[in-house]
Structures are given as C-alpha cells and as structure tokens.
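Go ahead and model the full structure; you've got the sequences and the hints to work with.
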Amino acid sequence: DQQVKQNSPSLSVQEGRISILNCDYTNSMFDYFLWYKKYPAEGPTFLISISSIKDKNEDGRFTVFLNKSAKHLSLHIVPSQPGDSAVYFCAASEGGGYQKVTFGIGTKLQVIP
Amino acid sequence: NAGVTQTPKFQVLKTGQSMTLQCAQDMNHNSMYWYRQDPGMGLRLIYYSASEGTTDKGEVPNGYNVSRLNKREFSLRLESAAPSQTSVYFCASSDGQAYQPQHFGDGTRLSIL
Chain F
1 DQQVKQNSPS LSVQEGRISI LNCDYTNSMF DYFLWYKKYP AEGPTFLISI SSIKDKNEDG
61 RFTVFLNKSA KHLSLHIVPS QPGDSAVYFC AASEGGGYQK VTFGIGTKLQ VIP
Chain D
1 NAGVTQTPKF QVLKTGQSMT LQCAQDMNHN SMYWYRQDPG MGLRLIYYSA SEGTTDKGEV
61 PNGYNVSRLN KREFSLRLES AAPSQTSVYF CASSDGQAYQ PQHFGDGTRL SIL
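So the sequences go chain by chain: F and D.
Those letters in the first sequence? Residues 1 to 113, by my numbering.
Those letters in the second sequence? Residues 1 to 113, by my numbering.
Rather than coming from a laboratory, the hints here were simulated on the basis of the structure.
All of these numbers come straight from a predicted model, not from anything done at the bench.
A hint or two may mislead.
[As the list claims (entries may be wrong)] Some, not all, of what chain F presents toward chain D, calculated at C-beta under 8 Å:
1. 34
2. 44
3. 52
4. 55
5. 103
Ideal Cβ placement from N, Cα and C applies to all residues, glycine included.
Have a look at this one:
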C-alpha cells in the first residue's frame, strides 16, 4: 500500500519552461513533506520541504505547493535547466519526520536543451 | 566536507555469504537510517537509529541486522545473503529534530548471485 504516490514515471520539458512534478499521499497524519533530487550513481540530495502549516514554500527556482484537502503536493521548477535532469523523489512523514520518512517511487525529469 | 560516507561502493556476493555495509557521518547527527532502493519501489526503510544506543525496525527489516557503533557509525549486516537482497543500499543521517531533512550517502551497489 503506497502511502506516497508519484504517478508519472517520467517527464520531458524544454529548457527554460516550467517543470511540474506531482505527488499524492494517502496518510492524513503526514505533516512534513520533502523533495529530493537524485543523479545516477549518487545518493538523493535534499531539495526543498514544506510543513503542513504552510501551502507554499519557495527556494530560488524551486517552489513546492501543498494542498492538504486534496492530499496533493507539487514541485515547480522555473525556469528548467539541463542540470535539473534527474530523478525526483517525493517524501512524507508524521511528527516532523525525525524518525520514519516514506518515499515515492520517483519521477525522472529530462530537460531538453 | 564528507557528509555521509558509505563503504564499499560496490560488492558482489554469493548466496549464503555474509557482509557488513559501513556508514559514517561527520555532521554530528543523532539519527541514522538504512534504506534500500529497488526498481519501481522507491526507497524503503530497513532500520533506523533515532539516537545513539537505540535501533528500530523499518518497513523491510527481515534478513538484516544493524549496529549503532557510536554516534558517527551505523552498520548494516547481511548474515546469509539471498538474491532478493540485490539492491542499492543508502545510508542517511539527520539531526534528529523535527522538520529537518535526512542527508544521504552515495550508496552501496550490492549484487548477490
């Protein structure tokens, strides 16, 4: 039973355009959400997070939106760059995530120059 | 600026052999984690250590044991390796406080024949 779902296994976007990666969750107790970026042969790297008291968090080109009623979050990358090509994992946890974090299966983003 | 260091990076084992994967962090983090990543499954938590001296099972603990050797080091042991344990193993750490991300090593790619 996947509690964190990334239903798009892959996404292709032209350089300079917006990339939107989506994530749905089923556990209403999740209160901390994160996005990680992973290049081949490397470990996941933390990108951005949001707690359930917010509906938006922005860091440079990256913005995460949280819709608690729909149990949905999205990551927007604007503008997309070729270096953004990677696998993006959505993750979520209860109680601020200092113990268990549940990951989605990832979405592979390709930014085409 | 090492962060989380995993050794070895690659390993091939025969069924029934034993092996210990090593992980060390230099960020003075309290919590450490072991995950495995399999195609189409995302990252799944094997074991975690919320603080030095404690360990707890995650989602997929069967066939594994862990040791929190000290605050810096957290090892994962396969006592009798099975082909189903072929995977990429990631170690992570966090400061153990709520709403803080985990930081990952670059992984150990383990093949069991």
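Results for each hint:
Given hint, residue 34 of chain F at the interface with chain D, holds; its Cβ is 6 Å from that chain's nearest Cβ, closer than 8 Å. The restraint placing residue 44 of chain F at the interface with chain D holds, with a minimum CB-CB distance near 5 Å, inside the 8 Å limit. Checking residue 52 of chain F against chain D: minimum C-beta separation of about 10 Å lies over 8 Å; hint violated. Annotation: interface hint on residue 55 of chain F violated; nearest CB of chain D at approximately 16 Å, more than 8 Å.
The beta carbon of residue 103 of chain F is positioned within 8 Å of a beta carbon in chain D (closest approach about 4 Å), and the interface hint is therefore held.
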